[in-house]
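Participant: The lines below spell out each chain.
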Amino acid sequence: MSILSTGPAPLNGGTLTEEPNALKGIGLTKQYGGNTVLHGVDITLKAGTVLGFIGENGAGKSTLSSILAGIKSPDAGEMWLNGTPYAPTGPASALNSGVAIIHQEIKMVPRLSVAENMFLGRWPKKRGRVDTASMAEQAESALAVLGAKIDPRRAVAGLSMAAQQEIEIAKAILRDPSYVIFDEPSASLGQEETEKVLDQIRILRDRGAGVIYISHRLDEISAIADEILCLRDGRRAMAWDTGRVTKDQMIHAMVGREFVYAHQEPEPAQEDVVLEVDGLTRQGVFSDVSFSVRKGEILGMSGLVGAGRTEVVRTLAGADRADAGKVTVEGKAVEIRNVAGAIREGIFMVPEDRKGQGLNLGRSGGENMVLPWENTLTPSGFVTNRTVKRVEREQALELDIRGNLSIPVLFLSGGNQQKVLLAKWLVRKPKVLILDEPTRGVDVGAKAAIYEIVRKLAAEGVAIIVVSSELEEVLGLSHRVLVMAGGRQRGILSRDEALPDRVMELSVP
Amino acid sequence: MPTTNTIGAKAEPGARHNTGSGIGPEPLQARIKQLAKSVPGPVIGLVVICIAMSLLSPYFLTPNNLINVLSQVSYIGMMAVGAALVIILGGIDLSVGSTMALSFMATAFLYKEIGLPFWLAMVCGLILGAFIGLVNGLLVTFGHVQPFIATLATMFAGAGLALYITNGNPVVGFPDWFLGLSRTRLLGIPLQVYLMLLVFILAALWLRYRPSGRQLYAIGGNEEVARLSGISVRLAQARVYVIAGFLAALAGLAVGARLDSAQPTAGSASDLLSVIAAVVIGGASLSGGVGSMFSTFIGLLIIGVLNNGLTLLNVSPNLQPVVIGVVIVLAVISDRGNLPLKRT
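In the order they appear, the protein sequences are chains H and C.
Residues 1 to 509 (the working numbering) make up the first sequence, in order.
Residues 1001 to 1344 (the working numbering) make up the second sequence, in order.
Some hints here could point you the wrong way.
[Stated by the list, open to error] Which stretches of chain H does chain C cover? Using the computed rule of at least three CB atoms under 8 Å from a CB of chain C, they are:
no.	region
1	332–342
2	348–362
3	372–379
[What the hints assert, rightly or not] One side of the interface only, derived from the structure: several residues of chain H facing chain C at Cβ under 8 Å:
no.	residue
4	Ala319
5	Phe382
6	Val383
7	Thr384
Rather than coming from a laboratory, the hints here were simulated on the basis of the structure.
In this text the structure is predicted, and so the values were computed from the model without any measurement.
Yeah, the Cβ is synthetic: ideal placement off N, Cα and C, and Gly gets one too.
Given only the sequences and the hints, what does the whole structure look like? Please build it.
Facilitator: Encoded structure:
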């Protein structure tokens, strides 16, 4: 008997039945300070199934999975593992009981070999020395289960994110866990790499493991899940005992109200060309990229991870130097030497990694927003707290940022952080605004708000370039889509031509 | 997961004004806590130490003694300003002590041996200090040498050159007007104390209001974020090492005026460590992005008061560093819960 049923689930629907082949949590509650983030949640993960786990940022997904994986301990509630009480004292103890978690952010020691990373801290020993041969052998067989072609003896440094993700999964397989939690593994992967991860999850499931799969990408959830659990504000919002749930139903459960996800047609762009790029090349990274963006136009950039999209826009924004090529802004040839130079020409970039490249996490919202503009913020050149606060207020109003901006942005939700980052680059009006993965790791509500802002900016005449690994985002927002593969430009499609199949076709090198 | 739910917040437009700290069960208690939090930890530490010292020694709380504390730490203070700037930026400068010794030795040498007018020799010494800073800055920015290693190298080189100039002999006898820096008193306080305070105030204003100063927090917090915001990171780094070198040379003048001699062995390791200790006790983080001039000044006073008080209490000078060590650990541990939000 399952506590997962179609239709709205009762909030206290758990029973104390000891299921022999399941990881079960009953009435799990967690508080931080006076803030309850989990309100007595019940969860059942059956062996041999994939449980899709959805919910907005802050709904409690990560907290719940951390409790199951022994990283955090619940303030109330109990857990059962295969019919016996389960109270892990830490991630290591959870792993010993057979519960593994694969984190969104992969942490590896770059200089150590793949095998050494997989065995980190528990290297097999032979006569007191690390037994590299047996280590490599075991690593190889774990990687082979996934069909991954990675040499376990090479160093991790230089491997792609996708490969590192595979290593992380293989590492979990080594311990032969009966339950595996995937915390947004696809957040930094492209479409094809994600397909691969999904395949690997199916392999795990078919070997009898129970898998929790957390993702914001609802397509993936419907593709992989046998059951779906939706959390909202720390409570079970909805549960389905099938994976065949429409996107609208899932979104409805996540936000608790009807939600317009379908993209509307963008307003037509103007005639004048703002940015013209001709033969842009960075040796060994990308070559011969040529395109133009008109006033009010949104140009999407699509491609698989490693196609060179981010590298192209970074060069335009002055973060990297071009080896060849011509860049023209509003008819004037410009040479971009550094970020300050790009800013002078009106080319601003919202970088892909908001925590590593976009925001100073220890500083307030306002301090982050004024950072690029401090030299010209006031006529006297003195930056006062009052000026910073004024900018913060104006931008919060303009972009509808509802978090507390006077605390370090570290404490804001992903969506609000992304809005602060966007606000930082809208303190001055850009001619060309580059958005690299503008909605990575933000919840659906913030996502819709960001799309709204992007459309509004285009309507105001800003030329916009959107780089995204989410096909739906690129296709939904853009007037035209530039597709890259292997560091080369494969074509520019008009909105009508840019159908998912066609874009995918061009993306495959 | 203390995140703000964007969708949920839409229901209540006033949500933005919520401080996010939650409504405490006992507002009064919360308010007292808030008040206690707004007083920086090092200030509380300083007050506690001062009270303890004045109870233990009748001489401690006399105007003369307190002025004495200030003038004893004034040269450490000038160097601490430079060190704090470097540390906020995410670097470290080990060479301040030997730069102090070398630049004043050079001044003394140019005055006594070459016969330059003293004011010109002084300017040359200051320029030499700034130049050593520039070498540090260039090694760090363009040479990609880690700050610890770059300044370790210039520390050794500087200390060696300071001895080499006069073959290890001290130089004595300077113009009276220069000695006035230490001996002339305004309102009973020696001029060098005013000079140190001026340095602190200028640095604090720069850090708080000028873009080129505020940038240090951004660079120390996350260099890549700063670079992608259009900040010239290398220029800012080089500039700060130059300032640190210049201030070390300035500290050299203060020491020279106090001792009326140029000692090649001035700027010993314990001076360097006192400088870094002042910055760290003030709450700066060696990983960068955190720290302020006010808290560095408090850290400086803590060191000064401890050294002075322990001497008054006849504690062996060999034991005094032990107390400083304990205080550093206490300061860092008590600071851990605070947010890296506070500035000057």
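Participant: Hint by hint, which ones does the structure fall short of?
Facilitator: none
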